[in-house]
Structures are given as structure tokens and as C-alpha cells.
Amino acid sequence: MSDLVALAVAVPIFGSLAALVAGLVRSESGWPVAVVACVAQVAIAARLAATAFGDGTITYVVGGFEAPYGIELLVDGLAATMLGLIAVVSLGVLAYARRAGPRSNPFYAVYLLLVAGLTGMSVTADLFNMYVFLEITGLAAYALVASGDRGRSAVAALKYLLVGTVGASLFLLGVGYAYIDTGTLNMADLATKLGDADPTLVHAAFAFIVVGLFIKVAVFPLHTWQPDAYAGAPDSVAALVSALVSTVAAYALLRVVYTVFGVGFLANNELAHAILVGGATVSIVAGSLLAVSQSEVKRMLAYSSVSQFGLVVAAIAIGNVTALMGAVVHLVGHAIMKGGLFLTAGLVATETGARRVEEFDGLVRRSPVGAGAFGVLAVAMVGVPPTVGFAGKWYIAVGAAESGSWALLAVIVGSTLLTLAYFARLVERMFFREPSDDLEPAIEAVADGGEAPGASLGMRATVVAAAVAAVALGLAVFGYSQHLQPTIEVLLS
Amino acid sequence: MIDLLATRDYYLASFLLLGVGTYVMIAARNFVKKVIGMNIFQTGIFLFFIAAAYLEGANPPVLTMDGPHVSPLPHVLILTAIVVGVALTAVALGMIVRIYAEYGTLTEDTLEEVRNGE
Amino acid sequence: MTEIPSILPLAAVLVSAVAVVPILAFRDRPNVRESWTVLAALAKFGLVASMVPAALAGDVYVTDLGTLVPYVEFTLRADSLGLLFALLASTLWVVTSFYSIGYMRGLDEDHQARYFASFAASVSAAVGVAFASNLVVLYLFYELLTVATYPLVAHDGTDEARAAGRKYLAYTFGGGVAVLAGTLLVVYLTGTTAFTAGGIAELASADPTLARAAFALLITGFGVKAALMPLHSWLPDAMVAPTPVSGLLHAVAVVKSGVFGVARVLLDVFGIDLVAELGVGGVLAAVAAFTLVVASVIALRQDNLKRRLAFSTVSQLSYIVLGLAVGASAAGGDAAKWALIGGLLHIPAHAFMKLTLFFCAGAIHVETHTDDISNMAGIGRRMPLTMGAFAVAAAGMAGIPLVAGFVSKYFLLIGTVSSGDLAFTAALLVSGVLNIAYFWPVVYTAFFETAEGADEKPLVSGILGGRFAREARADGGHADDHGAFERRAANGAESTWLMLGPILFAAAGAVVLGVVPDAAVFLQIVRDVAETATAMGVVA
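Chains as they are written, first to last, in this note's numbering: chain W, 258 to 750; chain V, 4 to 121; chain S, 18 to 557.
Just so you know, these hints were derived from the structure itself, not from any lab.
Backbone N, C-alpha and C fix where the C-beta goes; we use that ideal spot for every residue, glycine too.
One thing to keep in mind: the hints can contain errors.
[Unchecked claim] Facing chain W, according to a computed beta carbon distance under 7 angstroms, are these residues of chain V, among others:
#, residue
1, N33
2, F52
3, M98
Chain W extracted, bound-state conformation (with noise of 0.2 angstroms):
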């Protein structure tokens, strides 16, 4: 059974080389790879999650030498609720990506490896091994932002890299402070003999750590690479690093604070916990503000991720039971809402050339589908009940009442009319004015050319899905968060 959670991080790898190989035989074969692949991990992530809300946490340890000397690889809940959901969003986005491309065999060779690095750092519980994967997840994505075919890609890309480098680097020197004083980097083996340490390396392996995930997480003022890197995409991928690489990053902030650092260092130490909320509140507020004020969508989407992530560093920084679920809850509809929104936006730009805001004037009449989903995707984004948006939002709502957090919670209400900000004026101009003409539909983001793009079923079914997930998955929540919930209390305890 657990040699599953090692083939959960091989899977992926192996199509990547397949992806590769077969390039060499065939060009535009990566495609049907990947899929092949990406369904394998459907298969093998819902197995593994069955087992862990069934039976209880999985662990695997790597080449046979046990832990704390060895790596080792764990799923409770939460790490399989992030394999499911990598699973699925990637799968999901292949079949938006088969029309809108890329195409090439290494773009898919490469998707894979993003979705190698994002289990791996799912599932592993060895500091270190998180660090290796967060590379990979970060090196991966870097080159998928960079496969569009625009020069402003490449720049993007760019500044993501450096940007993320410095992140992932401050990471690691966190890591660092924290094998220096105990000796090991077990997660769970760091969790007991951080507690007899010298306060002081722990407050800087804290501190590194912290600030190293806040880059990857895009966390205001450290948000700086996310809308270059998300506009300058190519739409599939842009769906696909929006809904995943931040979310799992924020995972790993979960993790590394509840698991290694624990409940009570937090409650110890006043600075530990005012940079969370800090950056909390900021991101909400700030993120919120910029969103409103940009004229390309997916600029705003971008900052909009700024603002909703802010909301689940809130709910890490409140860590109690309901906030933590909130948490996770938030991470999953984030990323199913942002990754729709994205993708629709991508089809509207096929549908219509349509990539600013003003040019969303009358968009209900030339692109029906993509109009709707866009206005479901926003509403639920808002936060209106009974979407996955609003469980998220009164989880961590709820959470932050129960700590007794008022100031955070004002902000965390207040959040959705800061939210209802910049998406009315977009669901406005797209359903109350009349359509602007002087528009062509976009030819772009297939980056190796081929026959002119039009919108796919594929990427109309995608997004319709996305659409029904977001409204869906608001009534699945509380089943979900009955079986989270032991994972969550060991996490607390």
C-alpha cells in the first residue's frame, strides 16, 4: 500500500521522460502521454486518499533507511487532499490544453515535472526533501511561464526565477538554522527536539522559513513576481500554476508551521505570530486594492490570488481546528475558482481577443459560455453562499471568532466587498454594456503554431466543469471536513 505515495511522486517523472522520448518519435505525442499519466495519478491520489481518511496516515520510507535517518514520505489527510486536487486540476487542464495549446512534446514533459515536484512537496516529511521538491516545482514552473511565445514571457519567467530563487534560497538557509541546532530534518523528529533548542536559532529558522514561503506564496509586499509571471503565461499554464503552485506552497507553510514549529511556539512567541497576521491582513487589504486598479484581467485575477491567499495565511495564523479546515477548504476552492477563472479568460481571449477589462463590454453576447462561467466563478469568488468560496470564507470566519481574532475577523468579513470590488465592474461591463466590434480573436499561445485556434469543446467543457465544481463542491464541504478533522487535530495537538 504505501509503495503507492513513492510511485505517487515516479508516476509523474517517468511520464515526463516517456514525454521526452516519445518526442523523439513522434512530435506532438506529449499530449496523450500526459494524459495517460495524469489519469494514472487520479487513480493512484484517490486510492491513497481512501486509505488515509479511511484507515489513517500513510508512510513510506525511502530506500529503506528509517527515519530520522532516512527521507520519508507521509500522507495524512491533508497531503492527500493536495494529491487529489493536483490530480485533478492537472488533469483538468489537459483537456483545456489539447485546443490552446502548447503543444510540444517538452512543454508536457515539463507539466509533468510540475506535477511531480507539487506531490513530492505534498508529500514528503523531511524538511529538506521539501526543499529539493519546491526546486523542481519552482524550476518547472519558471520554464512553463516561459513556453509562451512572446518575448514578455521569457521576461516574466525571468523575474519569476530570480524572484523565487531568492525564496526558495531563504528556505533553505531557514532549514538550515533549524539542522544546525538539532541535527536531523525529519519533520515530526524536529517537532520534539525543537523544543529544547537555543530559542534564537529557532526564532531565525522561523523566520527564514516563513519569509522564503511568503515569496512562493505570493504574499504582499513579496508578491511582486505573481502578475508578470500569470500574464505573461500562456493560459493553460497560467490556470495551472494559479490554481496549484501557490496553494501548495501555502500547504507547505502549513505544514512546516503546525508540524515542525507546533501549536505552542506560536502561542510562545508574539513576533512568530504577528508576521503571519501581518501578512495576513496586508495581502487581504493590499492585494484587494491593486486588483481593482488593473486593466488586464489577468493581471487582476493575479492580484486577486494575492488577496485570497491572504485570507488562508489568516487562517494559519489563527490555527485552531475550524480555522485550519477553513484553510484547507479555501486552498482547494481557490484553486478550482482561480484556475476556472483563468481558463476562462483564456477562452473568451480565443472566443473574442478579449483581454482587457473594458474589452469585456457586451461579452454575454459573443462568448455566452465563457460570459456565464466567468459571472458563476466571480459570485462564488465573492463568497455568496452556497459556493465553496463562501465554506471557506465562514470556516475561517468561524475559526477566527472562536480564537476570540476580532480585528482579523473584520477583515476577513470585509474581504468579500473588497472582493465584490473588482469583480462587479467586470460582470457589469460583461452582461449591461453593449459589445465593442474593433476585436479579433486572439491567435496566440500555441507556441509551436499549427492550425488556427479556435475554442474547443475541451475548453469550454473545462470550464463549465470549473463553474459547476465551484457552486458543487460548497455542499461537499462539511462531509469533507468531518474526515479532515482527526487529521487536523493530531496537526494541533
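Since the structure of chain W is provided, determine the placement of chains V and S on it from the hints.
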């Protein structure tokens, strides 16, 4: 204070490298220099780990040599990190090649001008 | 009281939401599309009405859909208070459906499919508000109602309509946030949000300061849609929407979902005893009294008929809130009962009367494209039945006997007098006079003036008004009879029966409620609610 600096000189050097790396990444206008800055930054971290493994009077961690050995684990970790660093540099240089092909420049300021003219 | 597990409440909520699909699907075939609207309206009315007998017998239909999020059961309960609102909304939706068809076709509007679909969705959300069994489910439908009505407000797509839409969203979502914050506070204090007759027990033992804060947040949130001053200013702007929307949604369903929320908070979350104990009922009553007087004064100055009606709505909604607040702060006894009955009965009474008034304004707009009162001189000749209905409904608004408004206002007056709040009695009476002052000129202009011979209006342009107040005419001649509007017979030649029928029906409803209130089912339901609330108050 002097004493502290003298006994912790490796750490001092590693944080000096971090500082230099950060400065170059921010201040240099040329993309290649930015990547060099990134490399210096990472080297600072490598030195930090290796310095932590050092033990006064110890031998390299090879079984044929007499103990005490310096801690082998950080060496292994940093070997991995160096590989990652090389891969990153390669990807970064690849992007720079593309930027040069597209815009015909490697400096940030000129690039801004070119892109504003787009 | 027994609870009957049943699918009925859910079906009543969903039937019109389901109808959205065929309405959109048949967007190119207007007759098929409109049949779906009518079908859904009739089905909804049937479903809601079928639950009334059980409610009067003290039984409650319940649909349990499991747990939504922690602390929150997703349950729909058709209790008396909920049925009052649901029955009202679904009855009037049937009428409004026909009227909408006449109105939209009469004006040959664009986006009719979107209009009818949003309308159906809005009514679904309104009934959902009615049947919500706890604060979160109520919040859920309250927000959905905002989302569903937004396309109706911004329907015209003009700059003005879009601005009104933005304002509408900002106000109502702002209110939603306050409701959410208040709900969270209630969760924090009590661990539940379920509506309980007589109030949630744990709340009584909670920290009074926090309980007051929760009360303030909830009332502020619901007060936005109930248009309590100073949160009312979205409502007059929203009048840019098509008139059936102004009629059913912005005089009945949407605004009363706010009032209904206030009622739930007072009666079923805090309970009237606790409201009295916390001393917050008096504050709410004072705000309501202020609103109902000031809004009446502002209404005097509005020349656009729909805006005048909107301010009248702001004022009348505060009658309801005042009744509820006085009833709650009187803490049991007959005074509380009278005030509650008055307030609650004013929900249907105002609905029938205001719907008539809006329908008339809409008919005038469709037939003559006249929106301003100053241009309506002599319009009673052109549209005798319409303006006749208008006069009846206006009389009811002013509290003249034999129309619905009299009964509810009578109860309100008794309530405030017997609870000793004479200041509120005075406010009610002043507002009653103002009601006459802003409605009488409309009726007078329509029937007794012509385009050439306009007279001064009492209070607005002269203390007494009338022709004597102006300078004497030089030739002493009488105003000629040739107004801008041709004279038509009172047999329905003035408009299509699709519009005229609903106008007459709504006016007749207002009269029935006024003449034989005991026969109309609304008073029975209201009595039931008031007695439960006050009885609980005494026991607790």
C-alpha cells in the same frame, strides 16, 4: 565582539556573500549580472551549511581516514543544492538568450524602452 | 406544534429556480417562455398555499438537507412567519407575471429572457428567505436574492442603470457582510444560529455588550434592504429598473426580506424579552420613527412618480419595523401583541397597496411615457380605471378606513398608545398626514387638472393649496376642458388587460384586506405569530 567575529568568520563570510548577492540582483541592470548575483547568493548558503559541518581538527568523512569526521550530511545536502543551482542557472540563461533574441538587449532599462514602444 | 418532514418547503423554493432553465432555453419563443413563467408562478403559489392550513393548525413542514457547514443545519421550515412572507410573495408573483408580460411587451424591451429568468430566480430566493430555519440559511438566500435581482436593477444597461446597479450591490453586499459578522458573533456566543420561538436561550446568558453588538450588526445588515435611514439611498436609485421589478421586488420581495430578517432577529433569535432587557428595541423604534417621518417629507418633494413611491416605501417599511420594535420592547402583554400584529399585518397590507401604485405608474409609463407627476394633469381622463385604483391604494396608504392600510395602522396605533410610547404615536399620525399630502396631489392632478390649468398643491407649494392660492386669472375664465389626454371610457380601453387585470386585482386585494381582514388568511397568520411570540415572552 571581535572574538565572536574571529571564531565565526565562516558565518560572517557566508552572510557577506548573501548581502553581495542580493545587492547585485537588485542593483545590476544587466540580466546576466543578475543571474551572477543569484549564484553568489546561493553560494553564501552553501558556505553556511558547509561551515556548520566543520569540526575542529576533524577529517573528511571517508571511512579509511581516522575519526573524528566532519558531519557528512550537510555535504550531501549541498551537493544536491549545487545541482539544483546549476539547473536554475541553465534555465535562467536560456531565458536570457530568448530575451536577447526577441528584444536585442540584455539590460533592464533598454528593455523597458523597447517594450514601451511595442 | 408538530414538525412534518416534507419535501414541500424545498419544492416551493426550487420550483421557480428550475423554471429559469426553460425560460432561458426558449428565449427565442416568447409565448412558450412566458407560459413557463406563469406555470412556475402558479405552481409556486399552489405549493405555498397548500402549507397554510397545516400552519394555521400549528404544524410545520420541514425539509432537512443535512449540515451545510459547522453549526449550521441546512433546513427549510415553513412556520407561520415564513409562510406569511412566502404566501405574499408567491401570490403577488402570479399577478406580477401577467403584468410583466404586458409591460415588457408594451415597451418592446430588450433582454426579456434574462428579465424573466432573473425574476423567477429572485422569487425563489425570496421564498428561501421565508423558509430559512437559521441565520446562515437566511443569509444564503439573502445574498442569492441580491445576486438574482442585480440584473433586474441594471436591466436597461444605461449609465444610470449601471450606476444604480453598482450602488445596489455595494449597499446590499455591505449589508450582507454585516449580517455575516453578526451571525458569526451569535455563533460565538451561543454555538447555534437556529431560529427558536422566543429566542435562543444561550443568548440571554451571554455577555450583554457582545449581544448588543450582534444585534446591531444583524439589524444594520437587514436594515439595508429594509431601507432604514441612513441606509436607504439605494432604493430610490433602483427605481430605474422596469416597473414590475420596482413593484414586486422593491416594494415587496427584496425590501421585505430585510424587514423579515429584522422580524426573525427580534422574535426568533433574540426573543422579545431579551430585546427589551438589552434596551435595543427602543433604539430601533426611534430609528424607524425617524425614517418614517423624514422619508415622508422627502417624498413630498419628488416629482418623478416612481421616486415618490420609493420614498413612500422607505417610510412604510419603517411602519413595520416600528411595530416590531415597539412590540419587542414592550415585553409581552397586549401592547406588544397589538404592535406586533400591526407591524406584521402591514407587510401584506403595504404589499398589496404599493404593488397597485407601482402597477399604475408602470401602466402610465407604457401607455403615455409619462414619469413625472407634473406632466400627469388630466391623466385620469385617459386612464380612469388605472387612476381609480391608484386613488384607492393611495387612500389606503394614508390609513383611510375600508382599505388595508387602515387595519394595520390601527393596530399599530393601539400598540404604541397602550405601550405608552406616545412619541411614536405622534410620529405615526404625522406621517399619516404627510401620506395624504404626497398622494393627494397625484390624485388631484390626475382627475381635476388639465395640462393648462395646474393648481398649487397643499404643503408643497402653499399651505392649503388649491386654485385660490395663485394669483387671480385676468379674464376670470375657467380652465378649459381640453387637456393633453383624451377622454376614454372606464371599460378598459386605456391599456391591455394584461396590465389592467393585475392592477384591479391588487387594488381589490387591498380592499378585501381592509374590509374583511378576518376573512383574509393573512391576519390569521399574523395573529398566530404575534401570540406565539408574546406567549413565549411571558413564559420565558
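Here is what the structure says about each hint:
1. The restraint placing N33 (chain V) at the interface with chain W is violated, with a minimum CB-CB distance near 12 angstroms, outside the 7 angstroms limit.
2. A least Cβ separation of about 5 angstroms between F52 (chain V) and chain W falls short of the 7 angstroms threshold, and the interface hint therefore holds.
3. This hint holds: M98 (chain V) has a C-beta 5 angstroms from the nearest C-beta of chain W, less than the 7 angstroms allowed.
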